[in-house]
Amino acid sequence: MSLLTDTAGAHAPAPASKTASRGPRESRLSVAVATGFLAVIAVYMLLPVFWLIVSATKSQGDLVDTFGLWFSDMHLIDNLRALFAKQDGVFVPWLLNSLLYAGAGAAVGTLLSAMAGYALAKYRFRGREFLFSVVLGGVLVPATALALPLFLLFAKVGATNTFWAVFLPSIVSPFGVYLSRIFAAASVPDELLEAARIDGSGELRTFFTMAVRLMSPAMVTIFLFQFVVIWNNFLLPLVMLQDDRLYPVTLGLFTWQSQVSRDPSLQILSLTGSLVSVVPIVITFLVLQRYWKAGLAAGAVKS
Amino acid sequence: MSLRTQRPALRRALVALAALPLLATAACGGSGTEDGASGGQGACEKSEGKVELTYWSWIPGVEKAVAEWNRQNPDIQVSVKSTPNGNAGTYQNMSNALKAGNAPDLGQIEYDSLASFRLQEGLTDIASCAGVKEAEDDFVKWTWSQVTFGSGGEDGVWAVPQDTGPMALFYRKDLFEKHGISVPKTWEEYYEAAKKLKKADSKAYMTHFSQTDPNWFSGLLWQKGASMFGQDGDTWKVDVDSPAAGEVADYWQKMIDEKLVATDLQGFSPALYKAWNQGEVATWVSAAWGYSTIRDNAKATSDKWGVAPMPQWSAGDNAAGNWGGSTTAVLGKSEHPYEAAQFALWLNTDPKALEILNREGGLYPAATEGLELEALKQPVEFYDGQKIFDVFADSSKNVTTDWTFGPTMTDTYRFLGDGISGALGGKGTLGDALTQADAKTVESLEKQSLEVAK
Amino acid sequence: MTVDRTAAAAAPPVKNTAAPAAPRRRRNWAPAFFLLPFFIPFILFTLVPVGYAFYQSLLKTERTGGTFGRKTTVFAGFEQYKEVLGDPEFLGSVGRVVLFGLVQIPLMLLLALTLALLLDSTVARLKRFFRIAYFVPYGIPGVIAALMWAFLYDPRLSPVVELLDQVGSAPDFLGSSMMLWSIGNIVTWTYTGYNMLIIYAALQAVPGDIYEAARMDGASEAKIAWRIKIPILRPALMLTGVFSIIGTLQLFTEPQVLRSISTSVTSTYTPNLAAYSLASSDNYSEAAAMSVTLALATFVLSFGFLKFTGRKAES
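Protein chains in written order, with our numbering: chain X, 1 to 303; chain H, 1 to 454; chain R, 1 to 315.
The set of hints was computed from the structure by calculation and includes no laboratory data. Treat the hints with care, as some may be off.
[Said to hold, decoys possible] Below, computed lysine-lysine pairings styled on DSS-like, alpha-carbon distance capped at 27 angstroms:
1) H:K178 - H:K199
2) R:K307 - X:K156
3) H:K173 - H:K185
4) H:K387 - H:K377
5) X:K156 - H:K99
6) H:K304 - H:K387
7) H:K185 - H:K64
8) R:K82 - H:K454
9) H:K454 - R:K307
10) H:K133 - X:K156
11) H:K299 - X:K86
12) H:K196 - H:K81
13) X:K156 - H:K195
14) R:K71 - H:K447
15) H:K64 - X:K86
16) R:K82 - H:K447
17) H:K195 - H:K259
18) H:K50 - H:K333
19) H:K377 - H:K299
20) R:K127 - H:K99
21) X:K156 - H:K196
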């Protein structure tokens, strides 16, 4: 839990001046109004989540027959047990697949983005702006427009329905390159690079020892965003995969949901499964958020 | 990337583009193969040695039937993959896999999608495989006409019938009794019953009219004999808005206009189940497989439902429609059509297999022998001990054989669904929906470069 | 209007902070080494598919013989584009998402901005909790989010409708007049937190002493927000704006899921849904033409937005 509390949520510099300024100026009223507003929005944001939690504890029958925002008979354990037993326990591989696609995909993608962004920021070469423009163009290409052509291309090399068919396209993050370039430009001083060169450090070593450290907040940001994007990606695995053992959890749950009319018990299982599948995302967020605000800060472009 | 580029560059690009069609046609002319339609009447020969087949299906419990086959046939081992319902992604996946060349040997395909798959060259003609043509008499008549596209085998046999969805009327006995409504035998009586129900209980509806089940609506058209498509030599006839279909549409439009049917309930939605449980919806004209939908989702209404034959358009008739049902098809690129066809035949005619599929998956068999299954002669507990399958067995025999699904059925359903959604939302009528669906279907056939009779 | 223009608009600092001229002759290989690992997959998995989609969009199907015939694919030039641009339903769907964007994007960004400013101000409490609470919806996969809301909209199932009915009457969330805004609510719910974090993070980058100085001068929190913070946030707001435009044009999951419970969503409700419908009826070429048209529309609108906001910044 210390992760939760450690991450003070305000301007990194000068905490002292901050506490000083929080003095008498704000009236109780404005504090109450502001916090009240935030609380109302929080209720809005969390209400559906609460509904999901409540629903996951219900039996199939109670789901439609009892008031949706409060608990009735506790069936959470039964639901969880059924969830992990369904179809020879296929839910566990789904979760692991998602973690692998999203975790490894985001890690590799972040590294590639950081390297490219670093090169675009710190080296001068012909065509640099052109390359950057192409990357930005890539940010704008609708991901949904890519899924089908990607499928047809993978089909040509006989690589559909494999782990790689989902993993490889996931490591490309033009947005990550964009953030990396901006962050590298801002946070890796040229003097430091020059000094390293004078010391005889190779370009690679300089990058991996120095630049990466300086860019780590941005890299964590890119990782987090990419993680969520891959985790939520639905269309690509839908067209690429036929073997349900390769499914990520979102696709698996969708499959269940679409079978509800034949097997009604899947309704409650897909809801319970949804709840379980949100847990890794929240944990990832909590773990990473301490690094994370500084990273975004530079990324989000100061003028 | 610059759009406001200098003219000369643009002109050069256009010249280059203009030259492309020549190249493309040249390329196509060279690469075309000359052997008739896919599959054709090629030899269907037994493979050497042990064969492994793959099969996609969404029947719950189908793996138990497959295990039985594998036990009996050590040389032809089938592995089955459980998939979502066809239209929930499996068809898309199948046609993708066909394109990618990694499709399974066998797949479950519903009657209404067979033509689409044949159009995509996704099916293998198994007419020449041992035992296939001879199996014709093993199946309910209309199903064989579906898998042979109405040609009686002259134009190939493209799948083996599996199950069917003969339609009947599920109705709430308790509500009918309470409000003094007798079971309607004709659609006219059904309408009167709906009015009576509404009068007695303003919150109750006779049934729900769903936008998401255009195939339900086509089941109603089927009963009326209003086939949506026809073939005339090499051309397709599109008849979605035939006068007969118009009659059906007008009838239901009247029900909608007078608010006798619920228009805000979608098929198979939790909201519908709740409405069933609360007695808001009194009937459902549905298929044989629908008995488990009600049983599993409206538990509170146990013993309250009865099943009667589908209402008729003219008194004394006994026509029935069909909604759903599927086939087992040997897919386009299977290397073992012989073994695959043997498995498909066994799965859908062997008494033991039929028994397993009925028990586990609730399938209502397409094999005539299957209609005699012990399980289908028993009183059904949820339905107050009524022998409901007797009703469906009659219905099954009365389904008209003269019905053709089109080769772009996904589109037709979609257009119909969109039109119905408009009618339910108060924009246009069901009649308009048919007219639009007809025009757009012609367009979609033409886009596939098929000939359409005007 | 070239792509370079965006680079300049969206990433102003790059130009200023780019490395000063320095002797680099010896290190010619280095950029390539750093760039290739990204660019090889980028070319393979983004540029090539885009090119392939474009190629596909120039084809059409022809058949010979019989009611099913044999299929060949021939070059058709821009025929599919003519088809797409002449399709009133496709144009209608574009109009629908544009209307959606004009209303939903400003509302969402305004909410995100307000939340970010409050979380960055000194007047609010419990900030850590709120930050996580707002981000949680973004972590819920779109399909599942849409399913949950579908339950909460359904007049017969929703506890929310039940509560609203007790205090008055609940709107018909699934009716045809409300549907677009019901979808808008799901999108707002999902992405407000995400946008808020981008904006919030931009605020964090501002050294605290700027505000301190303003406070010394007697400026109120509101005035600081309006005069200092919002101008600083312009690039972040532009970034979130562009992402929202892209997301709006790509709307797919929410209408697709709601289709199963409401009569108000047709199979061509949004451009992406229309393209998907075409692809699933084996009309890849027209679907590809639709996707390419949609991608072009995205480019045009995003650039248009950047240009518009950029110009306003200059004046």
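So, going through the hints one by one against the coordinates:
1. H:K178 - H:K199: 13 angstroms, holds
2. R:K307 - X:K156: Measuring from Cα to Cα gives roughly 40 angstroms; hence the hint is violated.
3. H:K173 - H:K185: 15 angstroms, holds
4. H:K387 - H:K377: Holds, because 7 angstroms separates the two Cα atoms, which is no more than 27 angstroms.
5. X:K156 - H:K99: 9 angstroms, holds
6. H:K304 - H:K387: 14 angstroms, holds
7. H:K185 - H:K64: 40 angstroms, violated
8. R:K82 - H:K454: 24 angstroms, holds
9. H:K454 - R:K307: Roughly 51 angstroms separates the two Cα atoms, so the pair is violated.
10. H:K133 - X:K156: 36 angstroms, violated
11. H:K299 - X:K86: With Cα atoms ~22 angstroms apart, K299 of chain H and K86 of chain X stay inside 27 angstroms; holds.
12. H:K196 - H:K81: 49 angstroms, violated
13. X:K156 - H:K195: Since the Cα atoms of K156 of chain X and K195 of chain H sit roughly 60 angstroms apart, the hinted pair is violated (cutoff 27 angstroms).
14. R:K71 - H:K447: Holds. K71 of chain R to K447 of chain H sits at ~12 angstroms (cutoff 27 angstroms).
15. H:K64 - X:K86: Given pair K64 of chain H, K86 of chain X holds - Cα atoms ~16 angstroms apart, limit 27 angstroms.
16. R:K82 - H:K447: 13 angstroms, holds
17. H:K195 - H:K259: 9 angstroms, holds
18. H:K50 - H:K333: It holds: about 19 angstroms lies between the C-alpha atoms, which stays within 27 angstroms.
19. H:K377 - H:K299: 23 angstroms, holds
20. R:K127 - H:K99: Violated, at roughly 53 angstroms.
21. X:K156 - H:K196: 62 angstroms, violated
When held up to the earlier numbered hints, the structure conflicts with 2, 7, 9, 10, 12, 13, 20, 21 and fits the remainder.
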